[in-house]
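Peer 1: Below are the chains, spelled out letter by letter.
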Amino acid sequence: MIRRRSITALCAIVTATFCLALADRAAARTPQRIVSVNLCTDQLALLLVPHGRIQSLSFLAADPASSAMAEQARGLHLNHGMAEEILPRRPDIILAGPHGARHTIGLLRRLGLRVVQLPLATGLDDVAIHVRRIARVLGAEARGEALLDGFARRLAALPSIAPGPRLRAALIESSGVTSGVDTLPHAVMAAAGFENLAARLGIKGVRRIALETIVATGSDALVLGRLEPQYPSLAARTLSHPALARGVKGGALIDIPDNLWSCATPKIIVAIERLARFRVEITARRGLTQ
Amino acid sequence: MKPSPALLLGFLGALVVVGFGVSLCVGPAGLTPGHVAAVLGGQGTEADHIIIVELRLPRAALAVLIGGALGLCGAALQGYLRNPLAEPGLIGVSASGALGAVLVLYTGLAGTFALALPLGGIIGAAVGVIAVQLLAGRGTGPLTLILAGIAVTSFAGALTALALNLVPSPFAALEIVFWMMGSLADRAFAHVWLAAPFIIAGGAVLATTGRALDALTLGEDSAATLGLDLAALRTRIIGGTALAVGAAVAVAGTIGFVGLVVPHLLRPLTGHRPSALLAASALGGAALTLAADIAVRVITPTGELKLGVVTALIGAPLFLHLVLVQRRQLP
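Which chain is which? The protein sequence lines are H and G, in order.
Quick note on the numbering used here: the first sequence kicks off at 23 and runs consecutively.
Quick note on the numbering used here: the second sequence kicks off at 764 and runs consecutively.
The hints are simulated quantities; they were obtained by calculation from the structure and are not laboratory data.
Fair warning: there could be bad hints in the mix.
Not the full set, but computed from the structure, chain H residues with beta-carbon under 8 Å of chain G [unchecked claim]:
1) S196
2) G198
3) R229
4) A232
5) V237
6) G240
7) S255
8) L256
9) P264
10) A265
If you want the ones that stay clear, here's a sample from chain H, every Cβ over 10 Å from chain G, calculated [stated by the list, open to error]:
11) M104
12) R132
13) L146
For every residue, glycine included, the Cβ atom is placed at its ideal position computed from N, Cα and C.
Could you put the whole structure together from the sequences, leaning on the hints where they help?
Peer 2: Given below as structure tokens:
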């Protein structure tokens, strides 16, 4: 009886040790066959590892309207988030976003594949968090830190924001929606020194905004979150309503292509720099006219 | 009790005027009626002027034009098909008009010349009317017409969804909702100028059909002996409906049930004479659409609710009622 028990215990210990060893090896092994099914993890993979290690990216990665790195994604295999496209690539890691392809991800997990999901980015802190997370799982920590250093340096070099009330900017994106608190466009506008009208109106996340509201609240600047290149659509037409351009003081308008701020990658600095320069321009123009 | 025609038209006209005024006073910016009047008189800030003149005025004007077109087309189609369930939205004319507009817009053709959008809607609507007519014929009973309408509506709707899914825009799914439910949110005067000439032309054509429709109530044979040219009437009904509904759908999407509800409510007041019903339905349609568009903005000021949702909420119960009435009349 005692002997049988000790044998069982011994087996358990041996099995556990074996499992731990396997897990250790899996973690230590750097993924060489990376598949990404999300626009943001696509771009992080492109930034962090050489092309040779990427097996497949989502089709959006190569779409210039959605992706800030469409050029770099060219020539790579593209997927539409379907298990049938992903499995033949024999991935050793699958990078995914918070939404979409829920059933696919569940299926891939049941098949024993390693899936890493990034949560939705809600602020600029997520740049460092997302880069470090993906860099760690891909074994590219050094590259990740280098990217983050560059990002931090450019953030520090932004034109300074004068104390006191900020210029207010209204953001309208395709389809007539705006982005409020807890969104990347809001974080970008704040970092560039603007007060976001949507946040002032108490909007959280992405919501529709009536053109009338934008005109009535009288902002100092209007930020158009266009898709570029523009596909013919109703969504794009909303932004060309004549009332918009005329409803902003001094007609201060700027286009920020949607692909610049849809993901928390270090590339988002380009959007911040553009908006910050725009703010300096408006302030200078105001100073001259006053 | 039947009011005199002049009294009825005067009352409906007053409703449209009041609805138009209220429509100018409703919106998220919350300006008082007195302030709106002052802005229209040339006072107020530039922002107020933009809100009233460039955002609310085109919206109210489109509600009048499109509602009028839908009411008139409903009355004309019901008279011509001698069927109280005939309505641009129910018999697939609106859906096929939307398909035409979608094809023109998303292929980029509408960007090359502006008139392409209403023309696409008109051609689509014409194909829809002709298809329903071929499928159901005239005087074949409400059931055949509704079945033909469902077939055309579903087919056009499916093709619209297919076209939008093939488009690279990430907003395609959202835009399917617009084309199927309709909206007047954030329209500009450019939309008014684009749609108005065609809607007015279509309305003018339909307005000439009154006497022929009156003759038709006696039955086709009797009407023919009175000298009614059925083929010419058909051409005018198809052409007028296609022009008015096609142009309306091209700028506002599919707004259902207006053409069903309005003629139904007004028919007893016009002595069941199709000719008297036409003008009354045009005014009634304008008033109902203005009211529905005001309701949209009161319920959701930021404009998430689609206009077609409200008209369907009003119209669908009436449609069910009509179906029940029809069932009771069956042997």
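Peer 1: Looking back at the numbered hints, which does the structure fail to meet, lowest number first?
Peer 2: Going through the list in order, the structure violates no hint and respects every one.
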